[in-house]
Amino acid sequence: MSDPRDPAPKNPGTKKPGLAMWLPLGLFAAFFVLVIWGLVRPANREVESAFIGKPLPAFDLPPASDDRPGLNTTVFSGKPRLLNVFASWCVPCAVESPQLAALAQQGVEIDGVAIRDRKDDVARFLAQNGNPFARIGKDDLSKVQLAIGSSGVPETFVIDGKGVIRYQHIGDIRPEDVPLILRKLAEAGS
Amino acid sequence: MIAEIGLAVLWMAAALAALQLIAGIIALRPKGAQLGTLVRPVAVMQGVLVALAFAALVTLFLTTDLSVKLVADNSHSAKPFIFKLAGTWGNHEGSMLMWVTIMAVAGGIVALVEKRLREDTLIATLAGQAFVSLGFYAFLLLASNPFERLPEPAPEGAGLNPLLQDVGLAFHPPTLYVGYVGLSIAFSFAVGALVTRDVGPAFARAMRPWVLGAWIFLTLGITAGSYWAYYTLGWGGWWFWDPVENASLMPWLAATALLHSCSVLASRNALRAWTVMLGVVAFSMSMVGTFLVRSGILTSVHAFAVDPERGSFILALLAIYIGGALTLFGLRASTVTEGARFSFVSREAALVFNNVMLCGILGIVLLGTLYPLLTEAMGVKVSVGPPYFNPVSAIFAIPMMLVMAVGPLLRWRQDKAGRITWPVAIPALISAAVLLGIVLLAPRVSLLSALGLAIAPGLALASMMPLRGRKLRRTPLATWGMVVAHVGIAVALFGMASESAFSTEKLAAMNPGDSQQVGPWRVTLQGIAPVAGQNWTALDATVAASYDGGEPTMLHPQARTFANPPGNRTESALKTRWNGQLYTVLGEEGEDGRWQMRFWWKPFVPMIWYGGALIALGGLLALLGRVSSEVRRLVATGKIAYRRERQGR
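In the order they appear, the protein sequences are chains A and B. For the working numbering, count along the first sequence from 1 and bump the result up by 999. For the working numbering, count along the second sequence from 1 and bump the result up by 382.
Same shape as in the complex, but just chain A (with noise of 0.2 Å):
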């Protein structure tokens, strides 16, 4: 036993179970397959329910456009409000303007949060594509972004009068979406 060379001491009567040593490749291919199929399933899941349900995290932001105040949390009491997470150099964010201005059309109060932008851009942006909002924080490194659980450009978020973020809509609002904006919002609100 001291030397290692030598052979190991002979078991007569035992079977060696071919077979058996190739179960644990056999369960971790399966394994393997699971996840694979776990890493390629259609990922809506991402962000969505992560922030919902919990109160904004506090920030004060420094207005955006000369017209509109900067944004702060405290902003975020008595009514639901809409916020909106944009930049001027976004297409969608253009795309979805005239629904948020139907949305403002319909009394819904909206302040935005610009993502790393200039004052003279959103200016122009605005000036193209109207100004439906109440207030306009400026977001340079995206810092209340990610803290509100938003990783792009568009995306809106309703607010209920406690400041607690009730709904969360990743990407471009569509004509089609406008209802169900505004049935969270409604469900916010009571």
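Be aware that one or more of the hints could be misleading.
Each pair of labels, with its calculated beta carbon distance range [claimed, not checked]:
{"id": "1", "chain 1": "B", "residue 1": "E758", "chain 2": "A", "residue 2": "I1051", "range": "16 to 26 Å"}
{"id": "2", "chain 1": "B", "residue 1": "G895", "chain 2": "A", "residue 2": "W1036", "range": "54 to 64 Å"}
{"id": "3", "chain 1": "A", "residue 1": "G1160", "chain 2": "B", "residue 2": "V821", "range": "50 to 60 Å"}
{"id": "4", "chain 1": "B", "residue 1": "G619", "chain 2": "A", "residue 2": "E1186", "range": "25 to 35 Å"}
Please keep in mind that the hints were generated in silico from the structure rather than gathered at the bench. The C-beta atom is built at its ideal place from N, Cα and C for all residues, glycine as well.
Once you have looked at the hints, place chain B on chain A.
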């Protein structure tokens, strides 16, 4: 400049790892033996270079060099020193660099000190280690360069997630990491031994200190992580069966099994294929755990570093390493002979039984963790929680603890059950008496808690039985280690059972001046005031708590708000007595101006973590015992060789 040096050194280390692999492969061929002399020095050099690269990254974080992207994204000049340091590994790139660093340094140490293993097995082991490292080097250098510069320096860093700005957590991930990566050494040893068909006691002895070391760190990491979750998440629970927690528990279970089968192989030359298998499984579980945490494939309450692309990369590495090792196992395992035999009543048999039970728990934890994914594949969304994990793991854990009480008393190879009647009967009687007492006095305690409370004292006593009749000062450290670790299991079990059986909870909306009764405690909210820390502000509640009418103690639960990056965190306040812990949390202000307060009285709950610490201490004693006897042996053989040399002249 430091960043560039770090990157250059990292590339050189990667090149050395490639050399180590190629030289190792050639050396194992019949004609390439002379290249084998290259492998050890290259492994040492690789370790030194990676350590330098890691030191460079630490320097960048400590000096908050904002021209480096990773620093700008994860640090902030106003952060306390300790969190600047922790920021080094509190992110994906840094943690991966830490991973290769530990791996290469450990490989270097193996190359320096391992003298007993057959040289070809050692070369195969180091080549295997290099092969595993290369995947991580590729990941680092091609997909997640930690030294990347920004086009122009950022004005200020983005900061670190507030949840992570906690001393406990600053050191919890690296502790687990050392454990995970330590298991990679065991994996390389297993692969090396399979390649050269050298699965025997020498291999087990070479592997054992690494498994022990990794296991100690895993134990500490899990214990610390559990305590962190307990006091920062503010939910009063200490284990949630969350995928991230399971990811750290699974390698621990496999490593525990490996540790025990390793000692059977080392001292009895039995369980050969089983030990090799566990060596592969233990590291697989580390990789699977890392994959589950990083890929975000499962929804977790604390997924910090989720990125599906990185997940795919880790999955690819997982497929290559684990798939490769298991294929090798399938090919070679039937040529690994069974080794020495043993009878049904013997210490080996008890260890085999416990290994099977540990693997059973491992299996059900893995199944439970993956189950939501499995059912989702079939179109149903479910989440698996304590109602599954607790009873199903108990099915395996309870028999395991019973055998654990008996096993260390049995002799190797063959024993008679009658020999150990008394040392087993006394603890068994104690457990039975406790169980009876609980059934009579506290019939509302659940079955599992009652069993836990009853088994714990018996197990603690039985675990000390191996010391009876021994001279305590001459008992080997390894035996002490086993005793301490097993007692630790009993202590932790008692804490867990007591927590679930006797906790009292109170949720209340309180005005300053209001009082509540929680178990034996009288708690009074005295006031709420704002306070400020280095990088946070908080609402601070003053709670006076008096135990059983005694002198009140002041507690200060807080709701903290962090500025960089913005975020909130509850800071619970705890009061520990010998017989339990009072847990207080400040919640939100209600509309009527009253404050939501939560209180728990948890009898004996700290024993969970004391137990964890004891288990780790047991491992440390065993490791010291093994290492010191190894050092003594090396010194002795060195002296003999020296004398021979002198006589030869």
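Here is how each hint holds up against the structure:
1. Separated by about 20 Å at the C-beta atoms, E758 (chain B) and I1051 (chain A) satisfy the suggested range of 16 to 26 Å.
2. Between G895 (chain B) and W1036 (chain A) the beta carbon distance is about 58 Å. The supplied range of 54 to 64 Å therefore holds.
3. A C-beta distance of roughly 52 Å is found between G1160 (chain A) and V821 (chain B), which places it inside the suggested range of 50 to 60 Å.
4. The hinted window of 25 to 35 Å between G619 (chain B) and E1186 (chain A) holds, with their beta carbons roughly 30 Å apart.
Of the numbered hints listed earlier, not one is contradicted by the structure.
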